[in-house]
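Visitor: Position chains B, C, D, E and F against the provided structure of chain A, taking the given hints into account.
Number of protein chains: 6
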Amino acid sequence: MTELNRDDHPFINDLHVGDNFDGFFVMQSLQMKTTRANKPFIVFEFSDRTGRIAGKLWDDAEAAYRGLSEGQVVKVRAVVEEYLGNPELKVQKIRPVAGEDSTDVTRFLPTVDHDSQQDWDQLEAAMERLEHPGLKALLEKLFGDESFREQYGRAPAGKRWHHGYIGGLLEHAASMAKLAHRVADHYPQLDRDLLVAGAILHDVGKLQELKYDTSIDYTVRGRLEGHIVIGANFVEQAAEGIEELDEETLVHLKHLVLSHQGTRENGCPVEPMTREAFTLYYLDEIDSKLNAIGRELEKAAGGGGAFTEYIKLLDRMLYKGGGFGESTPGADPSDE
Amino acid sequence: MTELNRDDHPFINDLHVGDNFDGFFVMQSLQMKTTRANKPFIVFEFSDRTGRIAGKLWDDAEAAYRGLSEGQVVKVRAVVEEYLGNPELKVQKIRPVAGEDSTDVTRFLPTVDHDSQQDWDQLEAAMERLEHPGLKALLEKLFGDESFREQYGRAPAGKRWHHGYIGGLLEHAASMAKLAHRVADHYPQLDRDLLVAGAILHDVGKLQELKYDTSIDYTVRGRLEGHIVIGANFVEQAAEGIEELDEETLVHLKHLVLSHQGTRENGCPVEPMTREAFTLYYLDEIDSKLNAIGRELEKAAGGGGAFTEYIKLLDRMLYKGGGFGESTPGADPSDE
Amino acid sequence: MTELNRDDHPFINDLHVGDNFDGFFVMQSLQMKTTRANKPFIVFEFSDRTGRIAGKLWDDAEAAYRGLSEGQVVKVRAVVEEYLGNPELKVQKIRPVAGEDSTDVTRFLPTVDHDSQQDWDQLEAAMERLEHPGLKALLEKLFGDESFREQYGRAPAGKRWHHGYIGGLLEHAASMAKLAHRVADHYPQLDRDLLVAGAILHDVGKLQELKYDTSIDYTVRGRLEGHIVIGANFVEQAAEGIEELDEETLVHLKHLVLSHQGTRENGCPVEPMTREAFTLYYLDEIDSKLNAIGRELEKAAGGGGAFTEYIKLLDRMLYKGGGFGESTPGADPSDE
Amino acid sequence: MTELNRDDHPFINDLHVGDNFDGFFVMQSLQMKTTRANKPFIVFEFSDRTGRIAGKLWDDAEAAYRGLSEGQVVKVRAVVEEYLGNPELKVQKIRPVAGEDSTDVTRFLPTVDHDSQQDWDQLEAAMERLEHPGLKALLEKLFGDESFREQYGRAPAGKRWHHGYIGGLLEHAASMAKLAHRVADHYPQLDRDLLVAGAILHDVGKLQELKYDTSIDYTVRGRLEGHIVIGANFVEQAAEGIEELDEETLVHLKHLVLSHQGTRENGCPVEPMTREAFTLYYLDEIDSKLNAIGRELEKAAGGGGAFTEYIKLLDRMLYKGGGFGESTPGADPSDE
Amino acid sequence: MTELNRDDHPFINDLHVGDNFDGFFVMQSLQMKTTRANKPFIVFEFSDRTGRIAGKLWDDAEAAYRGLSEGQVVKVRAVVEEYLGNPELKVQKIRPVAGEDSTDVTRFLPTVDHDSQQDWDQLEAAMERLEHPGLKALLEKLFGDESFREQYGRAPAGKRWHHGYIGGLLEHAASMAKLAHRVADHYPQLDRDLLVAGAILHDVGKLQELKYDTSIDYTVRGRLEGHIVIGANFVEQAAEGIEELDEETLVHLKHLVLSHQGTRENGCPVEPMTREAFTLYYLDEIDSKLNAIGRELEKAAGGGGAFTEYIKLLDRMLYKGGGFGESTPGADPSDE
Amino acid sequence: MTELNRDDHPFINDLHVGDNFDGFFVMQSLQMKTTRANKPFIVFEFSDRTGRIAGKLWDDAEAAYRGLSEGQVVKVRAVVEEYLGNPELKVQKIRPVAGEDSTDVTRFLPTVDHDSQQDWDQLEAAMERLEHPGLKALLEKLFGDESFREQYGRAPAGKRWHHGYIGGLLEHAASMAKLAHRVADHYPQLDRDLLVAGAILHDVGKLQELKYDTSIDYTVRGRLEGHIVIGANFVEQAAEGIEELDEETLVHLKHLVLSHQGTRENGCPVEPMTREAFTLYYLDEIDSKLNAIGRELEKAAGGGGAFTEYIKLLDRMLYKGGGFGESTPGADPSDE
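Residue numbers (our numbering), protein chains in the order written: chain A, 746 to 1081; chain B, 746 to 1081; chain C, 746 to 1081; chain D, 746 to 1081; chain E, 746 to 1081; chain F, 746 to 1081.
Looking at chain A on its own, in the form it has when it is part of the complex (with noise of 0.2 Å):
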């Protein structure tokens, strides 16, 4: 067992057999059990950005479980056991975290890797383009709210997939309004400022859709709603009261973001029937997929061949590059 470092705070994918160590981790889950000597122990499932592992902890259960609840930040005094083949904590102490304590959300949430100003700036500037008077005001309505602002630049876009870290959705959005206006600049049939408007709202929805407090995961709303309704909705209702909208392009609006994922296998309850939508659809789905694909193929960096593994979302594997005439190196004999 190595001695204790209180300072240290390892993240979970550091922790070995033997580690003894104080660290702030989210309380995934917590369950009080006993054992067949009728004690009472605690059985708890930790998170923070880099995984998970579980825990357990003997020694008066029942006192420090009076002061604990599912979802919160701890601090915890633990050694890192091993028990049927996984690493599991011994934990010694277990507390809420205090103010004292410097923890950050990005401890346990993975976070946009560049600084997300440079996408506001993306965003605005194909904001800055558009002319249509209604979508302009719909837009200038919610972006000018401060509290829409910190939400939509904080939200993820995806639990896991794509850009699914603090900030992703608005690195997504911006992205895409981008991508649409060169899309725009190449098709002079297209409605520039409706695919436009639609890249930027096309996932409004996550907003409440997922929850990004401690771990990312969906909200109770999000799973018997989806991000397509919450967000169709939630422009309608933006939309009320701005009387330069008409009804046509709210509409049609409402129709992007209800059909940009396709179809309807992909959850959309309608499909794309306009220009827009089928572009918006498939926009979509090259900056998702090149997202993903990006960090799929960044995970499969380090290991041999030329191929991932098989990755189940793609249902397929991918190709990293390489794998011609590789020369094999001449042998050089160690042996007896």
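What you were told as hints is all true, and nothing was included just to trick you.
Each pair may be met inside one copy or between any two copies, as identical chains are not told apart.
The list that follows gives simulated cross-link-like pairs (lysine-lysine, PhoX-like), each with its CA atoms no further than 25 Å apart:
| id | residue 1 | residue 2 |
| --- | --- | --- |
| 1 | Lys1044 | Lys784 |
| 2 | Lys1034 | Lys1065 |
| 3 | Lys956 | Lys1065 |
| 4 | Lys1044 | Lys1057 |
| 5 | Lys1057 | Lys904 |
| 6 | Lys923 | Lys1034 |
| 7 | Lys778 | Lys1065 |
| 8 | Lys820 | Lys801 |
| 9 | Lys784 | Lys801 |
| 10 | Lys801 | Lys778 |
| 11 | Lys881 | Lys1065 |
| 12 | Lys801 | Lys1044 |
| 13 | Lys1044 | Lys778 |
| 14 | Lys904 | Lys956 |
| 15 | Lys1034 | Lys904 |
No lab work stands behind these hints, which were simulated from the structure alone. These numbers were taken from a predicted model, which means no experiment stands behind them.
Guide: Below, chains B, C, D, E and F alone, put in the same frame as chain A:
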């Protein structure tokens, strides 16, 4: 050619080649064309509740055209001719209906085949048994609004397949609500109030998805958003300000609306995730299928054979009964 | 290692590493192997109604092996050890149960959670309301046969998913029969007698598709023919000699059995072609889904969170309730 | 109008507008209607092996109607007219065929294009090579029954797509049986006797699924149960009392019948689970596809082009051959 | 019957019953038949870029037949008659076109609606930005070959659905190539050169899959191999001898061609496995869908209503715009 | 720990915890890592024809690493330990094999279980019966090339599922070729020469899709293009210069290769459009399924029960036989 019959106002499926008549129709479309000799003429499509028929007007087409617009109810004087194997109206006079004409929407639109009061009674009896204060308050707010009641009592529940007639939505919802009580009597584990409220409101989006003034058809908003989303959104907005309606119940009720067609393939953005959502989906299947099947069997009743024609929406024939052990009546030869 | 407990006869899911006990299990499999040193030993798999566990016997394996055969109920003396991370029995003694052992099938098989007499009462009440002389005669012939009654009362309606326990078929059929009456009360156009007879007999093929002596599993015939075909054939043969049962009614009844899972994808050789066949399909969906969902929600009740785990057979999670506005209990810091 | 031709009895696909003739047809349907002037008339559909044609009888309709019933073979005197662009019979006289008329089922039903004796020879040669006493006994029992032989020798194997003609079932089964021997010669691991018996009996349910007296069509039982289930049941009942037929072989044989269309989507209640079941499925595919393709290529042989028309049941065109390097014959201008 | 118009050479969709004219068509098929009176006649199908029409020649059929063969461009003198409800040509004279006739392929085949030079300019600008020496060498080799250029500039990119006209392949590829640059500007992680080369060559197999001399249709090889395989093979053979083109780049380029329709269901033997392959697939979807949608909206522009007809290839209607708040013009009664 | 056994060179599936041995393996992967204490170590994956096992080397890792590279055959001295529940090699010495080591590819790769000469004989007998001069010339050119013969005789026909071993392609093709003759004997309408040539060449693309030096796996080109396209292309290039091979026959042969998996879902760019293509597809299904099923039944032969485990690639269990009327042997109680 038969003599002109000024008073009979025949329905479209009673017209025969040679008939000469005055009638009332909905003018579904009109298009100005010109002959090779550059003479203008108008091509029409007319409808009433029994069917559709094409028509042409050759004389003074330009003057007539100025007074007409798509979707109007018109009075027509015409002769039935045959064109490329189909009957067609040679229109002699045509004008929009005026105050002195006694026409009635039931002439143009199919209507429920019994007094809707019995459906209202059934619906209200079902509502009276509810106990959840929030759901009661929501339904009272809605059904206390005269304009909502009027729409709800007139709307069809479909364009053609099931309950596709004036009063169809009310008939369908009232039947579902009563059936929901029967099923809740059977399964105590079901939340009766949610199931019944879901039965009453699951198709409320049809009020805006369909128009049913002079013909039953989709509205633009209906096609671009779909009744499922419109309905869930309607419920959300109607619930505003009802304090007895807790958020969990409201989200569950919206989930019932959003998942009531059971699968993504059927256009649901989310699939049933509760006992009540599964049950409502199957009850809707039973009530709508039995309505549609009933009409198919009725249509097929006249013809011979033990089966209906192939029915595309079901991808099968239906069995009408019979077909076993028919005695072959003795022949009565009447030949040379 | 705990002291030997001769009387407790623990269930498998109560065993812990170190336990030393006498117990009764079904021996699902046994296989003679040899170590590298050529010593014979036996590898077992044991089960009871709570689960499965592996085992090994190292001493006098050959003698023990001669007295055993797959599928027997055995009495076992063993110690619980851990092997590759899983608990496993080190068997010291093993023999088939003998007359003096007091074991009981309910020890090995899950059983319906209430007195089956209430299901019989419900079923018989449903049968009494029938009027069609042919269907009545068929049911009387079947349920008048003591051996059929016994099988029908004991059979499960599934291996695991719904009604997968002793008495499950009767419970399911009785519920369906009563529900069929309720629905026939609602829709006068339904042939009540056919629907109820279909409800009672739709799963009768399970009597031969499944075996349920010491564990619930498929028979060879069950896998190679399926309960749908076995059931329809059973009905046909049972109907022989019943003169009141006209051919049309009999064929319709077989159609109900053959189409009761609704689609070809679900294993039906024919799909519903009558009102009664459609309705029976949906009622079966409701009754079996509510049973399965109920067990899933029960299993998930202990855990935290508002949703169950992902359930593969439904391809979704279920909503358990809650998850809104939880107050976060005040923290009670107990740290250094 | 051509002169009356009393002797020719033309086939339907040889009729031309203006023909005046006596003929024999199957009366597929008849319906009494009335004109607006309240005069009764009859609407018919007639068929023979070459096609179908509508007809009307205007005079003494009521008297004629009393002597007729659906499905009869009738003698008709009529003139061919054109109605709404299609040829139609104006019937002058009609009566059921009587003893003195020399008609023959082959007039009305398509029939296999060679002497069926060669199919019987092939089938019997295949049966003679079998060795399994139970399967031999089963086949001897069946084919020793004169009435079974007669039905088996006349039945079609389909309504239209493959082997859809009198003698088609025998032709298909005999070909399959011989082919099964060839394939069993190739793969010694196949159980020859089961495969050949499966080949002979896989479609035996067609005897009751189809009727083929005056036209080939489904029976009510055929549509409501399907030939797969009827066939498996038939085998089970035929096997009763044959002691040499052990249960495993019988269940395997029924499995071959039940799975011979390969997939649930194709209407199989169970899918192939043995070598013989997989092989029988593919052999059935080969024999039925080659039959159907042969007829499609024959139909298309006359037309130009290297491909057939689009064939819906195959969802593709077939390649007829040719289409490369055609020389363009020299032009022979014959213009002004 | 109108007077003979020798000079107008009308297009098929301008013909009316009674017209009497000289015209130029492609003779898609011709078939010699005989009347019941044994007189030979010929049945034709003619086409030009506006449609298809049937024809018959009754006089001196045998002589005429000798001078004709399928697929020729012919000069026809005919009168338009009506047969079974459709217009049809009664041919009086017919001969293959001769040198003195001034016909032109654009008469028979639809052609891109602008000067193709602008597409060439766009394509070449896209090629000039490439830097990969192997890809540059490959493209230079291909586009340096005059015969390849000519084919590439004339070929359509489809039979009907998208870019189905002379010059369509070039238009499509040039648009894609420019768009690929825009998207590579947006996503620096994309390999610009591969993406652009893929855009230029993805449909190169169309050169051999389609013929487009007098009508656009599939070649035999096109149907039996498909443009995807033909294209990949073409690239492989073109690459032979280009030393700058390393194997990895070549295989990747072939992968782009082979996967550019995205899924196996769409006919791809392999599915996208790289960033560039996914992106190329979506860009192809955008460019081809916008082309096809544009033509559908154009076709529908004349008609009334806010939606197009149901479009089978999209399995939906498209929204044309409008349909909100239409004022109903005042009625102008002109009746009795 | 067992004593070191220097001569036995055990296979991976014979290793037990504690074994101490010298062995030969393929080193599938190696990765340099460091402990927390910054000491480098190597993580390996080894394979031979019996399985895979992980390994670690702790001492002098850097030196060892320099002499090694992925994919080499290595000689290893190691002890078997257990890590997280799985056996793992603690490597003591490792070096690439050298000339003096007697290893053999069959040690690492599974190999066909009989002398391949009988497959060659069968294949050549099949080729000798061909008469089409073009197809004969093509096959003679290919099989006259010694290097082609050698590859063709060694290649597997799959990675794992069917014929996934050295010599598998030849075995599969020879069996198919002979079977094709049998089926052509049965159906005279089949073009024997094309069918047999298709049988011989349908999987020729596997030569480049797979590598099979020290393990069987896909090549990069194999994954990115697939054997279907590689094979068709190979045929096209091999045909160059063979004048007897007319274009129609060549295109038809390529069509056989391109469609031999039957459907787009199975990766075919085109689906069968000729009798021969349909037949070849089904014959390939029979030959590959019987091979795969045979291996599954063999694997399952040892275990109890009448069925195999669930087999994912077939989405079902297979029936092994038995399971009826097992007598339960009398119990021999040996307990207290």
